[in-house]
Amino acid sequence: MIEVKQLTKRYGETTAVDDLSFTVRPGRVTGFLGPNGAGKTTTLSLLVGLSRPTRGTATIDGVPFDTHPRGLRYVGALLDARDVHGGRTGHDHLTALARSNGLGCNRVRQVLEEVGLADVAARRVGTYSLGMKQRLGIAAALLGDPPVLLFDEPLNGLDPEGVRWVRGLFHRKAHEGRTVLVSSHLMSEMEHTAIDLVVVGRGRLIAAETLVEFAARGRMPSVTVRTPDPTALSAALAEAGAKVTTQADGALAVQQMSARDIGDLALARFIPLHELSPQVPSLEEAFMKMTGGSVEYRAGRRQ
Amino acid sequence: MTGSTTAAVPGSANTGALASFRDLLAAEWIKFWSLRSTTWTLVMSGVAILAFNGYAAYGDYANLEGFSAAARADFTRYAMSDAFTPSSFLALMLALGALGVNVVVGEYSTGLIRSTFTAVPARGAVMAAKLVVVTAVSSSYGLVVIGGSFFATQAILDRKDVGLSITDPGVAERVLASVLMAPLAPLVAMAVGVLLRHSIATISVFVVAYLLVPISLSGQTYATAVLGHLTPYRAWMRIADIEFGSQPHPWPVSGAWTVCAVWAIVAVILTVVVVKRRDH
Numbered sequence: 001m002i003e004v005k006q007l008t009k010r011y012g013e014t015t016a017v018d019d020l021s022f023t024v025r026p027g028r029v030t031g032f033l034g035p036n037g038a039g040k041t042t043t044l045s046l047l048v049g050l051s052r053p054t055r056g057t058a059t060i061d062g063v064p065f066d067t068h069p070r071g072l073r074y075v076g077a078l079l080d081a082r083d084v085h086g087g088r089t090g091h092d093h094l095t096a097l098a099r100s101n102g103l104g105c106n107r108v109r110q111v112l113e114e115v116g117l118a119d120v121a122a123r124r125v126g127t128y129s130l131g132m133k134q135r136l137g138i139a140a141a142l143l144g145d146p147p148v149l150l151f152d153e154p155l156n157g158l159d160p161e162g163v164r165w166v167r168g169l170f171h172r173k174a175h176e177g178r179t180v181l182v183s184s185h186l187m188s189e190m191e192h193t194a195i196d197l198v199v200v201g202r203g204r205l206i207a208a209e210t211l212v213e214f215a216a217r218g219r220m221p222s223v224t225v226r227t228p229d230p231t232a233l234s235a236a237l238a239e240a241g242a243k244v245t246t247q248a249d250g251a252l253a254v255q256q257m258s259a260r261d262i263g264d265l266a267l268a269r270f271i272p273l274h275e276l277s278p279q280v281p282s283l284e285e286a287f288m289k290m291t292g293g294s295v296e297y298r299a300g301r302r303q
Numbered sequence: 001m002t003g004s005t006t007a008a009v010p011g012s013a014n015t016g017a018l019a020s021f022r023d024l025l026a027a028e029w030i031k032f033w034s035l036r037s038t039t040w041t042l043v044m045s046g047v048a049i050l051a052f053n054g055y056a057a058y059g060d061y062a063n064l065e066g067f068s069a070a071a072r073a074d075f076t077r078y079a080m081s082d083a084f085t086p087s088s089f090l091a092l093m094l095a096l097g098a099l100g101v102n103v104v105v106g107e108y109s110t111g112l113i114r115s116t117f118t119a120v121p122a123r124g125a126v127m128a129a130k131l132v133v134v135t136a137v138s139s140s141y142g143l144v145v146i147g148g149s150f151f152a153t154q155a156i157l158d159r160k161d162v163g164l165s166i167t168d169p170g171v172a173e174r175v176l177a178s179v180l181m182a183p184l185a186p187l188v189a190m191a192v193g194v195l196l197r198h199s200i201a202t203i204s205v206f207v208v209a210y211l212l213v214p215i216s217l218s219g220q221t222y223a224t225a226v227l228g229h230l231t232p233y234r235a236w237m238r239i240a241d242i243e244f245g246s247q248p249h250p251w252p253v254s255g256a257w258t259v260c261a262v263w264a265i266v267a268v269i270l271t272v273v274v275v276k277r278r279d280h
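These protein sequences, in sequence, are chains A and B.
Numbering (the numbering used here) for the first sequence: 1 to 303.
Numbering (the numbering used here) for the second sequence: 1 to 280.
Next up, chain A with everything else stripped away, as it sits in the complex:
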């Protein structure tokens, strides 16, 4: 369980995190979403005690993380896959981390197997691809078998197979009862990953709810309808209380009425239908709509 309360972090004039409060529950994957510069990485740094809040608290299972002299058994964190020394082998890097927390070489072997790096463990990290470094960072986070896992942009650099693997891993860890927080700036990455979402923009909380709820904010659900007799159908639908707009290609976009009711109504009036398709609100759309006002660096605008 992660609890962030009125968390604020200022660097001089810049406010990176602004009065942020949210809770991350165990047993499910939570997405931590926001455009670049929204304060996600700063929040994660504050959570693991790498920086100190200007105001507010960030606790993990009830206590600030840095009250633990050794951390790997409490929280596994992958903040940046490049936070390794390229001159060491993957095996040496993990062994040093494991030893610092009193964990044995067995654990190192296990996590190397789990992330699929066993074959390259004797190679220097400098020769790894970004995807391999992500796997190494994930291995480090898993070393202490911790109840809380934090991942900052873990999908960067992974190939499609790697993405599928890492999603499976997150689900497995959450299913075991762990708290799993995964940050991303891409809504699409969250779509098959997270159950809950914490959405931030410019350091402030935009939404903390389930992914399904968040997606529904994108726009009103609507149904696209095609018929050879749009005039009659529009009139009938309006009469029944639906909101109808005619689209450029002649199709009708119907809101405030379900596809089933539209179909029933058309049958009752003997109006033929050529298409009846409910439009699922897209997450990307919801995300853009919600964070649109908070993007730090918008493309095509002079700074």
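Any given hint could be a false lead.
[Unchecked claim] Covered, in the sense of this in silico footprint (three residues per stretch, anywhere, with C-beta under 8 Å from a C-beta of chain A), are these stretches of chain B: (1) 25 to 39; (2) 106 to 112; (3) 117 to 128.
[Claimed, not checked] Per label pair, the in silico range of CB-to-CB distance: (4) Ser140/B x Ala122/A: 26 to 32 Å; (5) Val63/A x Arg278/B: 17 to 23 Å; (6) Thr59/A x Leu227/B: 47 to 53 Å.
Hints are computed from structural coordinates only; laboratory data are not their basis.
Values in this document were obtained by computation on a predicted structure and should not be read as measured data.
We treat Cβ as the ideally placed atom computed from N, Cα and C, and that holds for glycine.
With the hints as your guide, set chain B onto chain A.
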């Protein structure tokens, strides 16, 4: 379920501060030796130091007849200087200083420090473990290379009966000062590294403070002499008693030892304390 996982793991933080500090030492030991540059730096500089000193000793041995009768009668200072020449002091400082810088700045420049401090939130303990590992390695190196250099150079000089024995009065203390220059250099370098966190800046500041300033300060005026006395380089020369030429502003050996001790203590405190107060 996960709460009990955490509690059930044996050997967690409560098993004793000493045991868990030993774990940190083991971790830093692995990190230290798992970089290829470590072994190379130690071996190459060790060979260079032995070669510099052996060459100097051989020079004095070959030219002994060219020394004045007075110099030959009191050859101790020359023999000590051959045992650990100023140029080998430079090699030692650069090599072990670089190792000290590597241990600290290597973590900052790569970002590894964030992985390290996330795994071990007790940052002061991490730095203390680094200090212990670096001090142990560099002290052993000092004993082997500088101690070995003393015996090798004196064996060369002894072929003309001017070599010193470690049991001669005062010699052990003077050799010890040279040996201790080995751990002092990386300790100071680590402190500078923690403050600056940037390789080139750290090495520049370290070399300037540790060698260029003391070399350039004249011993002839009172102010520059006193400033010079505050540096490890001059303190080492004072204890080893290899200051040639007139010294109008003499100072006691105990003062020189104090200067070295203060540098070491301040370096250790800075290294441990600075990391605690900073955002990473």
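These are the hints, each one checked on the structure:
1. 25 to 39: holds (count 9)
2. 106 to 112: The restraint on the region 106 to 112 of chain B holds, since 5 of its residues have a Cβ under 8 Å from chain A and three suffice.
3. 117 to 128: With 8 residues close enough to chain A, the hint holds.
4. Ser140/B x Ala122/A: 26 to 32 Å: holds (28 Å)
5. Val63/A x Arg278/B: 17 to 23 Å: Because 22 Å falls inside the window, the suggested range holds.
6. Thr59/A x Leu227/B: 47 to 53 Å: With Cβ atoms ~51 Å apart, the hint holds.
The structure is consistent with each of the numbered hints, conforming to all of them.
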